[in-house]
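S.K.: Please work from the sequences and hints to get the whole structure.
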Amino acid sequence: MNQKTTFRSGGFHVLSLITCMMFLCTSFSYSQIKGKVTDPNGDALIGVSVAIKGTTKGTQTDVSGNYSIDAANNTILVFSFVGYETKEAVVSGQKDINISLGLDDRLLNEIVVVGYGSQLKKSVTGAVQTIGAREIKDIPVSQIGQKLQGQLAGVQINQTTGKPGQGMNIRIRGQLSVSAGSDPLYVVDGFPITGNIGSLNPDEIEDISILKDASSTSLYGSRAANGVVLITTKRGKAGTNVSFSTFTGIQEVPVKGRIEMLNAEEFAQFKKDSYEDAKQPVPVEFQNPAQYRDKNNDWYDALLRKAPLQSYNLSVTNNTERSKTAIVVGVFDQQGVVLNNAYKRYSLRMNSEYKISNKVKMGFNVAPQLVYDNTPRTDGDRGTGILFNALHTWPVMPIRDANGELTLFNRFPASTGNIFAYANWVRAAEELVNETTNSNLISNAYMEYEPIKGLKLKSTFNVELARSKFFFFNPSTATSAINTPVPTTAVSIRQNVESMSWLNENLATYTKSINDHSFEILAGFSNQKFDLESTRIQADTYADDRLPTVQGAINVNRGGTNTGVQEWSLTSVLSRLTYNYKGKYLFTAAVRTDGSSRFGADNRWGTFPSFSAGWVLSDESFLKDIEQVSFAKVRASFGVIGNNNIGNYTSYALVNNTVNAVFGNTVAPGAIISTLSNSNLGWETTKQFDLGLDLGLFNDRITFIYDYYNKRTTNLLYSVQIAQESGFGNFNDNIGEIKFWGHEFSINTRNTTGKLKWSTNANISFNRNKVIALAEGIDRVYGTFHITKVGQPFGQFYGHISQGMYLNAEDLKNNPQVPGRSTVGSIKLTDQNGDGIITNGGDFDDRVIMGNPFPTFTYGITNNFSYGNWDANIIGSGSQGNQLLVRHIYSTANLDGVFNMVAGVKDRFRSPENPGKGMYGTTVGGGNVTGIERDWMNSRFVADASFFTIKNVTLGYTIPKANKVFKSARVYTSIQQLAVFTKYWGGPNPETSAQGDGNGDGGNLSPGIDLSNYPVPRTYTVGVNFNF
Amino acid sequence: MKKIIITTFLVAVAFTSCKEDFLTVIPETNLSSATFFKKEADFQQAVNAAYVPLRAIVNDRAYLLGEMHSDNTYYYRNILFGATEQQEDIADFAVPTANGVTSNTHVLNQYRLDFQIIARTNQILALIDDVEFGADSKNNLKGQAHFLRAYAYFELVRYFGKVPLHLVPVTVRQEAALPLATTDELYAQIIKDATAATTFLPLKSKQEAGRATSGAAKTLLANVYMVQKKWAEAETLLKDVVNSGEYALMPDYNDAFSTNTGNKNNKESVFEVQFLEGSAGLNGSFIYNFLPRPMSPDELRPIAGTSNPQPLTGEGNNAPTPDVIAAYETGDKRKDISIGYVTLSGSLRANKTFPYIKKFAKTHSLHGNTGTNWPIYRYSEVLLFLAEALMEQNKAADALVYLNQVRSRAGLPAATATAQTQLREIVYRDRRSELAFENKRWFDLVRTGRAIETITAYGNRIKANPVDYYYPEGATARGNAFTNISLLYGLPADEAALSPHF
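Order-wise, the sequence lines are chains A and B.
Numbering that gives the first Met the number 0 puts the first residue of the first sequence at 0, with every later residue one more than the last.
Numbering that gives the first Met the number 0 puts the first residue of the second sequence at 0, with every later residue one more than the last.
Simulated from the structure, these hints should not be mistaken for laboratory data.
Incorrect hints may appear among the rest.
Only pairs whose alpha carbons sit at most 25 Å apart, straight line, appear in this in silico DMTMM-like list of lysine to aspartate or glutamate [stated by the list, open to error]:
id, chain 1, residue 1, chain 2, residue 2
1, A, Lys236, A, Glu205
2, A, Lys255, A, Glu284
3, A, Lys271, B, Glu472
4, A, Lys528, B, Glu472
5, B, Lys351, A, Glu775
6, B, Lys462, A, Asp276
7, B, Lys37, A, Glu284
8, A, Lys278, A, Asp699
9, A, Lys136, A, Glu205
10, A, Lys905, A, Glu275
11, B, Lys229, B, Glu184
12, B, Lys351, A, Glu275
13, A, Lys511, A, Glu449
14, A, Lys788, B, Glu174
15, B, Lys462, B, Glu472
16, A, Lys686, A, Glu775
17, B, Lys161, A, Asp842
18, A, Lys278, B, Glu184
19, A, Lys120, A, Glu519
20, B, Lys351, A, Glu284
21, A, Lys468, B, Glu27
22, A, Lys52, A, Glu84
23, A, Lys788, A, Asp778
24, A, Lys455, A, Glu205
25, A, Lys278, B, Glu472
26, A, Lys94, A, Glu109
27, A, Lys528, B, Glu27
Quick caveat: nothing in here was measured; it's all calculated off a predicted structure.
M.R.: This is how it looks when you write it as structure tokens:
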């Protein structure tokens, strides 16, 4: 075998040599050929491969469709482009060769990447949406998720936080779960990855396929229920191409949309009024509010800055008869708009494929990556969220002292009602270290062997390595928590996590056509294993903040110091049959069987089948004659898929051996059974039906896609609450059923095709869900301020309905009250059960569903324009009918004056003569009175969060003449997050939602909570792309 | 080349051939039920863990349900601070209760903590006889488990009257909730467990300090009999404790209580909940819960003795009432040891001086973090129980012997009354003074049938003179104060929602 290999590689060298000689021989007679390649409408075709036949020499057309190439007389130029016919032109002394490429059986010969293979777009029977890198290239963001916002029907993508590199919440067809994960499965070059997709360099991506229905996802079996995102990275294209692209920009948080808080004078006035209204002496600090007139401290604004970002990408692709290579090197550097926030990514990808013989191909992809990020603790509530804390800090408290130094912390005397110590959040941003360094490597190796025509055997081995190094240091001079006085105890945390995931997959594909019958059979099996090891060391009490080593600490925190192991394994068998008759009657059946270590010992294997069929109506004689209809297909699918994101050890009963006792002054180790086991625990099952229509009208000038889906998710993983008289709080079980259904529409139109070219892509999706069942005996599950109840949509806001305030003594007398608490001017809630009193919780609860975090519909619209060398595009994304719970109001409208407050409290109830606007009640009576409107979540805090955001506007200019330095170049400028049109009043980002924070906010059962996360900045950029 | 392909396929097949092994991934950083409860050390750890809920009970809940829910203590009203109605409802006898169920969180947590002890001890008692190890050690462990289970059910039956009776570990979801057992059934089980504990457990001198002993078990059982008015049974057990020679009164009342690190499990201690100052989470903080507010660091420093006192804000609990202060006899040394005074410059009241519970407030080093133990049973209570049991059996002369040991230490003259009604009042009064703030008062009022009458009068005093009970001038008691004076707490609403049985 060695000899054979040597021979092959020798052969390869000989071939290269011959090619080289040909190149030399002919070089003297070269002349430059230029030209433009267009489609049948005269539109420039970008990226068309222009190659000299029989050589490795070639180029691509630029963004204006222009190319230039040095070619000798009597050579032949080959023009090829996916979806178009291939044309040849003989060079015979002419300087310009302009070519128009006809559509190759119209657009539908486009190849679409699907699970475990690719298909003609025309023949696809599932709901698959694809997007090419070119369509999203100008959006100056770090994450692919941001680029996809507004572009995909049925895929809701929200940017929940503005933290660089984080916070994209992607939900395909509204999928959700009570407690299992809802993120789609990301498959990069055939390898389901376990790491964070947000760190992938978007410039490495060639195209993306979103698999939405069960027939397209069922080959991913127990991991498919949340939908699958297939990412294909760059491959070598014809010839050798070198391109360099860069952009630089500046980001800022617009003032419009920020939460309006009381300023110092208004705050002092509020305090003065509230003491006077309560007939209490006014503390000296607030007797003269005017003294604070020019001494306002805007703590929120103090944390923000204008921040630059920049990106550089160099890509080299090469394609010869024997090998294809693509190399992408990227550097991305973003400062955050919050002080001291930095995000940097260095990435490299090398994809190569070698044709060893006519029957054997081998390929190797290696993609190392280093991501560094330091993010202050911006998000979360008052334990860690400095933005949240900044809103709460009394504006009379100085950010800087008389000498201009940052204050350490502020506290007014207790007599002023100041309960908490407010640390200086600017220090918290600047002095706390919260840095993560991730180094990842994704690699694939494969070999494909075609022993007989039509039969391909492919074996792949994929490895994903990830190493994450986290370092946190809280020096003694700062803190991110409210009510921690400074100097505080310095704390350091070091966490190292290393993981490896490997996948071996072995597939056989047989393709055969007999007369009008075509079929493809796929069969294969795979094994995947994931191992993670982590080490965490937490130390505190430092003698010197400059030395935050572990040994520099006086105390190692045992509770925060641990090692961890997480492992899972998955063994699978899969097969698929695809059949069509004359290309117009299409049928696919697929099945995957997964065995997973995560499932209980008595329920280890799951089988996930699917079926789909399609009918190309436009190939039938009755539609052939209708010229307006260029393409029409109906398709339907049904399948069963699973969600195995149930945790690695959830089926086991675990022993917690840190429940320690003390006897005398001696610690005695203690252990308890902390969870109950369930050997039948399994995956969540989703049965999905899809009906779709694909239409092309007027020679595909208008294309239209419609899908209806209906799915049922059963066996939801849920930690069912059980009576704690058992000693346990929960039992992990598969329970319940949720129904999802929806409609998705996408339309692409080419509106004008003359000198001004204008095309539009638009989509709109309607997603709905309803809880059909929970566990027996359980018809509802509560979140923090939420209820998930049988017969209702998931995760609804739950609370009291406010009717404003009790306006006077009579109003109070004539309406139900909270016994012992309601007074004139306090909040008037609705007595839902008519028992004459207002009750919060228990059997006589007056709470009801008061809002819905899910949108009525989501939509996106993209317009592309070009005029001569100019091009422009506008991307918009919107959501209608969704609400957010303005959770921070719970404290930023605390009428006891404990925190700073939203400006709206100026219009609170003062007296029957001065009743305010009905939003905020009286301050008199303290917590016994004010606590009702604050602590009993009510409808005043549910806000309409419908929005339409202009995500991106780009204007580009292509430099028309190639010169000696580059073949083509394009400069552009863009604005990201140009404008947010919304009535939302709770904060700057209507897309926000709290991430699960352990306080119940933002978990699966508690969606749609605004905790005042990191705002999404507006970004102005300029960029340039060169092709050499 | 074919060979490569074939080899690759063979390797891949080899991977799958050991499927079940490949798919069995056992947690590596936790022990699991499959590997635990196999040896003596496992049971030792399990028994240790069964004590743990007691810390949370006495630190966070029992003083609210058993002391502030009586005429001994009230709360320090802070009108600048809200959201404390959970505590206030308990102090104000206004716990919202409907259909025998309440949403009060302290009631809920007390219930759950007691059932944690029960579940942990059930686990031990169900499995310990399946594992062979030394009889002494096994008996000792079983005795501790029985003691703790009896103690937990004894708390529950006195708070709630009826609760579910769990005696074996729960393994499936459907077994989690059981029907309510009657008060009689619960007492029968408590007596059974406590009796078992008295036989399995060693004497205090033979036991590791801080763990349950036969003396503790006998005192617990006697306490049960006292509640049931089975005076003779109680007398026998209490005499056993007295005659065991294991216990004595500390000469100074102040020394009956542990300090931050010292004097723990002293000669007078029968059973106490153990705390340890430090960052390991084994500490208490109850003395902070018992301080008036707002308190500045300078005002706190002499009480806590820490180098970094922090201001205390919000609302304070367990404020000694004028009633309990007045209940001490003249010359009772226990008064100044039990109650101190502090002046709060930041108070909005005209009178800025407040009483606070001093007997537990020992100096320590870390703010909010104490190692002071909490007494459950002291020898002085054994003596008072014995005096009471004898008094109730008309053995006044015998009773005085034990009563006067306690009075003498308090610097009071010996009692001489022999008429039962007269002696009863003296015993009751001494119990109040001796055991003030040890979460005995509410149970004593209920046990002796005086709860409704006493609390009604007490409520009227508060409503008439709120300033005397630490309200700011001008403030009045809440409208619902003293509207729900009942002998039992409602069962917790959150548990009712999870149980089909109540």
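S.K.: Run every hint past the structure and note whether it holds.
M.R.: Results of checking the hints against the structure:
With a C-alpha separation of about 11 Å, the suggested pairing of Lys236(A) with Glu205(A) holds against the 25 Å cut-off. Proximity of Lys255(A) to Glu284(A) is assessed by CA-CA distance (about 32 Å); at most 25 Å being required, the pair is judged violated. Of the supplied pair hints, the one linking Lys271(A) and Glu472(B) holds, its CA atoms being roughly 19 Å apart against a limit of 25 Å. Proposed proximity of Lys528(A) and Glu472(B) is contradicted: the alpha carbons are some 70 Å apart, above 25 Å.
Proposed proximity of Lys351(B) and Glu775(A) is contradicted: the alpha carbons are some 57 Å apart, above 25 Å. As the CA atoms of Lys462(B) and Asp276(A) are separated by approximately 24 Å, the hinted pair is consistent with the 25 Å bound. Restraint check for Lys37(B) and Glu284(A): not satisfied, since their Cα atoms lie roughly 66 Å apart, outside the 25 Å limit. The hinted pair formed by Lys278(A) and Asp699(A) fails the criterion: a straight-line CA distance of about 76 Å is larger than 25 Å.
For the suggested pair Lys136(A) and Glu205(A), the alpha carbons sit about 10 Å apart, so the restraint of at most 25 Å is met. Between Lys905(A) and Glu275(A), the direct Cα distance comes to roughly 15 Å. Compliance with the 25 Å bound is thereby established for this hinted pair. Proposed proximity of Lys229(B) and Glu184(B) is supported: the alpha carbons are some 17 Å apart, at most 25 Å. For the suggested pair Lys351(B) and Glu275(A), the alpha carbons sit about 21 Å apart, so the restraint of at most 25 Å is met.
Straight-line distance between C-alpha atoms of Lys511(A) and Glu449(A) comes to about 13 Å, which keeps the hinted pair within the 25 Å bound. Annotation: proposed proximity of Lys788(A) to Glu174(B) holds, straight-line Cα distance about 24 Å (limit 25 Å). In summary, the hint linking Lys462(B) to Glu472(B) is supported, as the alpha carbons are separated by about 13 Å, within the 25 Å threshold. Distance hint between Lys686(A) and Glu775(A) is fulfilled; the C-alpha atoms sit about 21 Å from each other, no more than 25 Å.
Between Lys161(B) and Asp842(A) the alpha-carbon distance is near 19 Å, which keeps this suggested pair within the 25 Å criterion. The hinted pair formed by Lys278(A) and Glu184(B) fails the criterion: a straight-line CA distance of about 56 Å is larger than 25 Å. Restraint check for Lys120(A) and Glu519(A): the C-alpha separation of about 16 Å stays at or below 25 Å, so the hint holds. As the CA atoms of Lys351(B) and Glu284(A) are separated by approximately 21 Å, the hinted pair is consistent with the 25 Å bound.
With a C-alpha separation of about 22 Å, the suggested pairing of Lys468(A) with Glu27(B) holds against the 25 Å cut-off. A distance of roughly 16 Å separates the Cα atoms of Lys52(A) and Glu84(A); the hinted pair therefore holds under the 25 Å criterion. At most 25 Å may separate the alpha-carbon atoms for a hinted pair to count; Lys788(A) and Asp778(A) meet this at roughly 6 Å. With a CA separation close to 24 Å, the supplied pair Lys455(A) and Glu205(A) stays within the 25 Å bound.
Taken as a hint, the Lys278(A) and Glu472(B) pair is honoured in the structure, with Cα atoms around 11 Å apart against an allowance of 25 Å. Our distance criterion of 25 Å between C-alpha atoms is broken by Lys94(A) and Glu109(A), whose separation comes to about 32 Å. For the hint linking Lys528(A) to Glu27(B), the alpha-carbon distance of about 16 Å falls within 25 Å, and the restraint holds.
In this structure, the hints that do not hold are numbers 2, 4, 5, 7, 8, 18, 26, in rising order.
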